[in-house]
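Hey, can you piece these two chains together into the complex? The hints should help.
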Amino acid sequence: MTQVLERLGYQVHFPAAQTCCGQPAFNSGYTEEARKIARHFLDVFRDSETIIVPSGSCTSMISHHFADIFEHDPKLLAEAHALEPRVWEFSRFLLEVAQAEDVGARFDGIVTYHDSCHALRELHIKTGPRKLLAKVQGLTLAEMNAAEECCGFGGTFSIKFPEVSGAMARTKIDSIQKTGASTVVSIDSSCLMQLQGVIDRAGLPIRTLHLAEVLASR
Amino acid sequence: MKAPETEIQQAINDSRLQLAIYTATGRLIDHRAGVVSAEALPDYQELRDKANAIKKHTIENLDYYLEQLESNVIAHGGKVVYCRTGEEAADFVINLARERDLHMLVKSKSMTSEEIHFNERLEKHHLQAIETDLGEYILQLAHQRPYHIVAPALHLTRYDVADVFTKELGVENEVVIEKQTKIARGVLRQRFLEAGMGVSGANFLIADSGAIVVVENEGNARLSTSAPKIHIAIAGIEKVIPRAQDLAVFLNLLGRSATGQPLTVYTSFLSGPRRENEIDGPDEFYLLLLDNGRTKLLADPEKRQSLYCIRCGACLNHCPVYRKIGGHNYPWVYSGPIGAIITPQFHGVNQDTWLPFASSLCGACAEVCPVKIEIPKLLLKLREEVTEVKRRQDSDGMERFAFQLFAWIATHPKIYLLLASLGSIFFPLVPPIGPLKKWASQRTVPEPAKQSFHQYWASRGGRNGGARRDRA
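Going down the list, the sequences are from chains A and B.
Offset between the first sequence (1-based) and the working numbering: plus 7.
Offset between the second sequence (1-based) and the working numbering: plus 39.
The hints are simulated quantities; they were obtained by calculation from the structure and are not laboratory data.
The reader is advised that the hints may include incorrect statements.
[What the hints assert, rightly or not] Derived DSS-like pairs: lysine-lysine, alpha-carbon spacing no greater than 25 Å straight-line: (1) A:Lys82 to B:Lys420; (2) B:Lys429 to B:Lys416; (3) B:Lys416 to A:Lys43.
Predicted model only: the values in this text are computed from it and were never measured.
So here's chain B without its partners, still in its complex pose (with noise of 0.2 Å):
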């Protein structure tokens, strides 16, 4: 697939959207820096470096910690299933509720169950999944895919939200930020207690201990996974930690590098269903392990430190390029530069070849990585393999070629002095097509040197022109 150019150009024109955006992410990245600060944590660095080389030790040794993690879940009464595919997963679920006939669940956000359209697969079911995070409810109304990793309702306006009431709720234009969330509240707490089975993400799977842990501000997730009499928790297998107490570095990390907030306002533990002496809990729970593509990155050992990603979505509030293209533009559910290493690796290089290239390369979201996920150099990687399938396919030849005689100009001095003399006298003279129009679609071309910098050197008298002083 082609980028979509037209939507990008949209998005970009869009001045109400580029302010959403851009305030929205702004707020975020404040927030960060206020709470990583040397004053506010001074180890911050020490545990990056540590969160790195947990998640390292773990996804070289995942068939450890995966046996491990199963064996203390199925310990504490609950079941593991090991899904190959989405539709796995999705599967399990819709014959569970079938075997049980429920017809509705609630969820709380998860973004690996918007990787495998888990709704959309369950609704062909008949079987009702209603979001209960505040932005993805206001979302699942709308009819859209989350917008970001964290904070999925990013780019709607309380007024936005005011109309996709008014249109699915029939609530009469309400644009008080407050009573919006009221009105949703007073809709989901009904289906909470309605709700035979609650769906659930995890971030992350605690191996010794057989624990997973979810991390929420509304505290959505608790009902959704303590209310129904079923949970189910969907997670990728690189969700997986070895101990409980490597989340004194992880925790420390995820709020922090996602919102700007020390602890986010619930950390849960939950550790299979309800015991006897225990007044709450459901009473079965699942773990539904999710490979859907995961193994296959395991299998690069250069790029598979993709798979270190805590989905905090720093690098997209600090994505240039994600601020202005928004996340609706990238061809996944996972936006901005972790979607843009994730995605070809999951779907392959030769589909939406332009992903990696979308990038200016500056380096914001390495550099605000909790784990350290070297994100440039990755899409660096990427861009030589696409470049690779182009040469075998033969594809895209003209730009191949323009490389090809820019590296032979480039190792020959003599040509390359010659063509960059004759280019400061004919250059004005080029017509602005290719490459150049699309430079001249944004700025005013500018004017070569009337004089090169070999010119003026050789004028000053050649090789060893100008001062022959020692250092004073």
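Pulled out of the complex, with its shape left as it was, chain A reads as follows (with noise of 0.2 Å):
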């Protein structure tokens, strides 16, 4: 991600403070935890003018759901909205205000994009990735069936049910093997573990990549 922006001429700063932006805990109904770990990223990214995130899921528990944790503290509720507008999914953040649909990229193979479900639901990312990778050198998209059919991951959910989060997956990796595709592209790096793992284990020829990874090769 950080090669694709700085190939578009921007200056990329990386806090090493950052941690993790609190969402297995908030997920999981520990919300007393994921408020700790919130306010921990809003001490981090406070003076930044512009946060890029390499997934959608960070990105609406940063500009969605920091709100609801800080419902009742009015002053890092206010912090949090004043951080929303400085947040950005890095597809969106390349398309609506780089405004580089071509980045320049070269990747030879054919690729299906799978819809990460916050992504897709709550920041209703949809044709973006898939403009971006229309751009990309030697690619071919082939969609899915179930593109947005969930991949089973759900954080905490594919440990506490891993037989219902792992027939999720296989369902959706069916789908994907009907494409022909050799690659599975996404926004968001857990739905891609998730997916790779049971790929993995079925020995099945299929690499799964982030869209940045995409974009960045040459």
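Set out below in structure tokens:
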């Protein structure tokens, strides 16, 4: 992601004190713990001009759910709201701020795109990543039927209900296989970790890549 | 209660069942998509907003609209009975039947009656309730509860139905669906004529006209509510809507969301018993308004939106978890996402604590909900409540400790970094126990990157490493 941004001429900072947005705790019902982590996030990124996040899910946590967890704390709620307009999911930043549909990437092969749930349904990101992929030289985009179906990860869900989670991934992978694609691209690494884990277990010749990895290829 | 892990595993391993669920829900998904598309229904999103607003207004003024409904039902010659519990509702029917010396009644499909175990309660008093919806009839013969809010026998194939009919009706292995329907119709037609009482649910209760609205496809609800001398409708108090004109919103959404029909085959408006100048209809009409825990939901300003539900089942069809585990692995008659949010509210969050966690929070449910219930948000709220209960009970200590530790590490960047770099060295040596074992049961465990991004960035010259160009 930093390579693509730098290629477009942006100066990238990486605050070394950053850790996590707190979503794993929030989604598991540990709001108090999530609040502590979110507060750390606010501290670290308070002075950042633009915050670019390589994950739809984390972006949604920061720009939507920080407001939920600080609902009863006016000061931190105001801080969270102040942060919202500066938080960008990577693909959206490229298209809406950098206005760079073609980032000069080259990637040979058939690729299918997985809509990660939070990007799709909370951030309404659907066509953006596809537009970016369509401009990559050598890349053929093949849509799968179940593009909008969940991969089954769901954070701690994947550990609390491993059989259900695994079955969901296998349904998704069936759909991926039917496209003939050798690469699955998404904008959320957690979906990709889940899918790659199940793909490897089945010994299938499919690899998962983050959109940024494809866009950084030349 | 813990999650029924064995039964869930069985459902997932049953390839015939998986195919039946996936195909049936897939068909419902496709049909719905066709009739809510921008071409088919340009104002679909506006209708959802309106439906949400009407429900919100009604639920927040429920006392007013219930009283209005009551006086209008009475004005039409009907009677209104408020029932605090399912037992009270069933007892009313049992007593009335006893008074009139009735031993059998016909029923049209009603999830509310399933909710209160109506048939079982009646049976104990030797009062037989015959289900007349085809799916419900099959399940009654098979001694099963509904698998789905709208399509109760969704999990059964025609071959399964043939087995049930062979066993229960003595019909030899009939696998043609049309013929199966004919068989059921033959049995049921007689029941409609014999029954002294018909029981229905209600999809909507119209406050300003005192009419109840029943939507259906088979015509069995029309017969159940008009052939017998007595009609009893059992409905949750949340089914009331203010005005008849509000149906323009709800009828447009219900059929589309449920089965992908712009309108169901029959929409019946029933307002009281037969009048003097009318040729058909029951002599008596009773509306049983059921609480059974609904006022408890009403008391919670944030979660009371759960009462907006019009029971279309779209959230079930689109739920990837429901589509894997099926309807019977949910603890209550309401399955799928809506079941996952209302069951803990009706039964208490300390019961079936696994239920709000049985979701990947993918949000497909909320996306298709015609009344825009924020299901994922409520799941998160319930998770928080469950976690709070466990904190108070001092149970699930390991998980709580893990998250407390995680929060501590994530707020101490130097430790976070140290553990991350140690992790990439030692992780391959960690034995697969606990959460890692559960992960590994389905998936290959990922290898940590040789170099973390922190390390990569530091290697490029620290904090402001990399290019220092301005925007080109």
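Status of the hints after comparison with the structure:
no., hint, verdict
1, A:Lys82 to B:Lys420, "holds (22 Å)"
2, B:Lys429 to B:Lys416, "holds (20 Å)"
3, B:Lys416 to A:Lys43, "holds (20 Å)"
In this structure, every one of the numbered hints holds.
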